[in-house]
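J.: Okay, here's what each chain looks like letter by letter:
Protein chains: 2
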Amino acid sequence: MTGIDAIRAAAARARGIRRTPLLEAAGLDRIAGRRVLVKAESLQTTGSFKARGAWAAVSALPERTAGVLAYSSGNHAQGVAWAASAHGVPSVILMPSDAPAAKVAGTRALGGEVVLYDRAGEDRDALGARLAAERGLTLIPPFDHPEVIAGQGTTGLELAEQAGAAGVAAAEVLVPCGGGGLSAGIALALEAEAPALRVRTVEPAGFDDMARSLASGRRERNAASTGSLCDAILTPAPGALTVPVLSRLALPGLAVSDAEALRAMEAAFRHLKIVLEPGGAVALAAALFRPEAVAGEAVIVLATGGNVDPAMFSRALAGQARDG
Amino acid sequence: MTGIDAIRAAAARARGIRRTPLLEAAGLDRIAGRRVLVKAESLQTTGSFKARGAWAAVSALPERTAGVLAYSSGNHAQGVAWAASAHGVPSVILMPSDAPAAKVAGTRALGGEVVLYDRAGEDRDALGARLAAERGLTLIPPFDHPEVIAGQGTTGLELAEQAGAAGVAAAEVLVPCGGGGLSAGIALALEAEAPALRVRTVEPAGFDDMARSLASGRRERNAASTGSLCDAILTPAPGALTVPVLSRLALPGLAVSDAEALRAMEAAFRHLKIVLEPGGAVALAAALFRPEAVAGEAVIVLATGGNVDPAMFSRALAGQARDG
Numbered sequence: 001m002t003g004i005d006a007i008r009a010a011a012a013r014a015r016g017i018r019r020t021p022l023l024e025a026a027g028l029d030r031i032a033g034r035r036v037l038v039k040a041e042s043l044q045t046t047g048s049f050k051a052r053g054a055w056a057a058v059s060a061l062p063e064r065t066a067g068v069l070a071y072s073s074g075n076h077a078q079g080v081a082w083a084a085s086a087h088g089v090p091s092v093i094l095m096p097s098d099a100p101a102a103k104v105a106g107t108r109a110l111g112g113e114v115v116l117y118d119r120a121g122e123d124r125d126a127l128g129a130r131l132a133a134e135r136g137l138t139l140i141p142p143f144d145h146p147e148v149i150a151g152q153g154t155t156g157l158e159l160a161e162q163a164g165a166a167g168v169a170a171a172e173v174l175v176p177c178g179g180g181g182l183s184a185g186i187a188l189a190l191e192a193e194a195p196a197l198r199v200r201t202v203e204p205a206g207f208d209d210m211a212r213s214l215a216s217g218r219r220e221r222n223a224a225s226t227g228s229l230c231d232a233i234l235t236p237a238p239g240a241l242t243v244p245v246l247s248r249l250a251l252p253g254l255a256v257s258d259a260e261a262l263r264a265m266e267a268a269f270r271h272l273k274i275v276l277e278p279g280g281a282v283a284l285a286a287a288l289f290r291p292e293a294v295a296g297e298a299v300i301v302l303a304t305g306g307n308v309d310p311a312m313f314s315r316a317l318a319g320q321a322r323d324g
Numbered sequence: 325m326t327g328i329d330a331i332r333a334a335a336a337r338a339r340g341i342r343r344t345p346l347l348e349a350a351g352l353d354r355i356a357g358r359r360v361l362v363k364a365e366s367l368q369t370t371g372s373f374k375a376r377g378a379w380a381a382v383s384a385l386p387e388r389t390a391g392v393l394a395y396s397s398g399n400h401a402q403g404v405a406w407a408a409s410a411h412g413v414p415s416v417i418l419m420p421s422d423a424p425a426a427k428v429a430g431t432r433a434l435g436g437e438v439v440l441y442d443r444a445g446e447d448r449d450a451l452g453a454r455l456a457a458e459r460g461l462t463l464i465p466p467f468d469h470p471e472v473i474a475g476q477g478t479t480g481l482e483l484a485e486q487a488g489a490a491g492v493a494a495a496e497v498l499v500p501c502g503g504g505g506l507s508a509g510i511a512l513a514l515e516a517e518a519p520a521l522r523v524r525t526v527e528p529a530g531f532d533d534m535a536r537s538l539a540s541g542r543r544e545r546n547a548a549s550t551g552s553l554c555d556a557i558l559t560p561a562p563g564a565l566t567v568p569v570l571s572r573l574a575l576p577g578l579a580v581s582d583a584e585a586l587r588a589m590e591a592a593f594r595h596l597k598i599v600l601e602p603g604g605a606v607a608l609a610a611a612l613f614r615p616e617a618v619a620g621e622a623v624i625v626l627a628t629g630g631n632v633d634p635a636m637f638s639r640a641l642a643g644q645a646r647d648g
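So the sequences go chain by chain: A and B.
Per our numbering, the first sequence runs over residues 1 to 324.
Per our numbering, the second sequence runs over residues 325 to 648.
None of these hints come from the bench; they were simulated from the model.
All residues carry an ideal CB built from backbone N, CA and C; glycine is no exception.
Among these hints, one or two may not hold up.
Label-pair restraints from in silico Cβ distances [said to hold, decoys possible]:
id : chain 1 : residue 1 : chain 2 : residue 2 : range
1  : A       : R64       : B       : A642      : 22 to 32 Å
2  : B       : D442      : A       : D29       : 46 to 56 Å
3  : A       : S225      : B       : P615      : 36 to 46 Å
4  : A       : R30       : B       : R343      : 39 to 49 Å
5  : B       : A516      : A       : A165      : 46 to 56 Å
6  : B       : G435      : A       : A215      : 15 to 25 Å
7  : A       : A192      : B       : G551      : 50 to 60 Å
8  : A       : G3        : B       : S571      : 38 to 48 Å
9  : B       : A547      : A       : R290      : 48 to 58 Å
10 : A       : G167      : B       : E485      : 23 to 33 Å
11 : A       : S85       : B       : P615      : 18 to 28 Å
12 : A       : R30       : B       : A642      : 50 to 60 Å
Among the chain A residues that face chain B by a calculated CB cut under 10 Å, a handful are [as the list claims (entries may be wrong)]:
id : residue
13 : R18
14 : A40
15 : A109
16 : G305
Taking the hints into account, I'd like the entire structure generated from these sequences.
T.: Set out below in structure tokens:
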């Protein structure tokens, strides 16, 4: 199981990973009614935190590796393609054919071989197993993998230090959550480094499998696999490795609507000058628009990704312009 | 005259100033045909580098100050309003009535008292002089002021360190230029800390008063005062303090079109996930779309501001979408 030693080891190997800033703006504090600190992982190499876990997993492979394989709607894909290229390792990425064009193009540009499949009609796992067997590829799963969780946990090491420097010793830490790899990694890092910073997962309404799993004590599935704009964090069910960690360490999970995620994208544009995708903005949405659900004088938010098509981003900006 | 000692002193006083990241993306390197390093001052408090000079100037005032006055189309306004509020000093900001709504709103939200004037019909200087006399305000000019130049120069101290850490010892440093305060401050800092990093100003085509001044050896004026989208860097003429510094230290100036600035905004959105305004994107535009005008294996770019209205930002994204 991943622990603080694995996270520290991943941080020591993470040559290609950027230390992302912890941003603030008075305008966000006004909306939320408390101090808001935003860890901008959208500024990470490849545009999302996924580069961290991918780097950790690829850098832990034996030297002679035929290649790696990943399933992803986009951000994990780009992280794995980038980390593999940086290590001189071929990568094959299975992506749903309805993944955002920006993510498909981004993955190819980073050196990944993209294989598209039909999310509804094709058996992704069977396709992946066949490719892996034929070409001797090693699967790098998006969240349920000790090294991936350790890599995501390096975010928490930085956060503990940055929050301390900003004078925030105790706060809720809201994390956009798909399978829970980032949330679990951060929770483990904070347990060791800043135990009064407590993780809360944030999911799209209707896809709150993690929140329900934490409430019931067992892995709950989502009823649907599509139907939210937050493509980056739509997983069928949370991880086998992540649920036990978060059951032990996390506060109850939150969920927000797509409309709230879009409004949070506009707020991040206006006040922080950063680009977020819908799934990367759900934690900021919870901090801004569900203040009564959060406790404390300050709240910390993970802004996890910015790989969004221009049309979707303009839609977020236009929606807010209409509201005034 | 501002020198490296004044810049170091400004850095030592700059409690409220954020150290902004030096970002890179493989996609930008591909467009430019060389390595591109982007100092993202758009992520500075208030959304532009102007916070640096404003903080330096306000923090150098005597303790008992009735208030400060600034003329600005927006970014300097926000910087002064913010720095004054942080020091408990009232601020009055004269803004043209055609300034972007985001900048007017931003200035007010930061505690500045905004007085609008008609850019074509009213005498801004007379209005400012009257207000200053009536209320005992101290003028903080946008660029032609030793402390303002020193404050902007703190960007150069960070850049020298960050470029060294990134392995770039020699490169051209492209800087969006209005009156030349940032360019001069950075040039002075780099002269002391990293003399093989050489500043080049970048201006909007048709408003290249600094490039012409550097070429002729005297302060040249622009023919027009409006007619570019790059509102942040439309100055009638360069500074009396900045031209001598840049004549001694800078390489010849560059200019780009509004269309190129918009394309650079789209590239920054796509590859770096940051929000730039047109005037903040001109140096990136030169790096990406005028590669033949630049020398060296790497180029450093200042991305100076992100205070842009949603409609203008969407226009930049849509333009690029049409081109494919």
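J.: Each hint needs a verdict: does it hold in this structure or not?
T.: Structure-based check of each hint:
no.: 1; hint: A/R64 x B/A642: 22 to 32 Å; verdict: violated (48 Å)
no.: 2; hint: B/D442 x A/D29: 46 to 56 Å; verdict: violated (34 Å)
no.: 3; hint: A/S225 x B/P615: 36 to 46 Å; verdict: holds (44 Å)
no.: 4; hint: A/R30 x B/R343: 39 to 49 Å; verdict: violated (25 Å)
no.: 5; hint: B/A516 x A/A165: 46 to 56 Å; verdict: violated (27 Å)
no.: 6; hint: B/G435 x A/A215: 15 to 25 Å; verdict: violated (44 Å)
no.: 7; hint: A/A192 x B/G551: 50 to 60 Å; verdict: holds (58 Å)
no.: 8; hint: A/G3 x B/S571: 38 to 48 Å; verdict: violated (60 Å)
no.: 9; hint: B/A547 x A/R290: 48 to 58 Å; verdict: holds (53 Å)
no.: 10; hint: A/G167 x B/E485: 23 to 33 Å; verdict: holds (25 Å)
no.: 11; hint: A/S85 x B/P615: 18 to 28 Å; verdict: holds (23 Å)
no.: 12; hint: A/R30 x B/A642: 50 to 60 Å; verdict: violated (30 Å)
no.: 13; hint: R18; verdict: holds (7 Å)
no.: 14; hint: A40; verdict: holds (8 Å)
no.: 15; hint: A109; verdict: holds (6 Å)
no.: 16; hint: G305; verdict: holds (8 Å)
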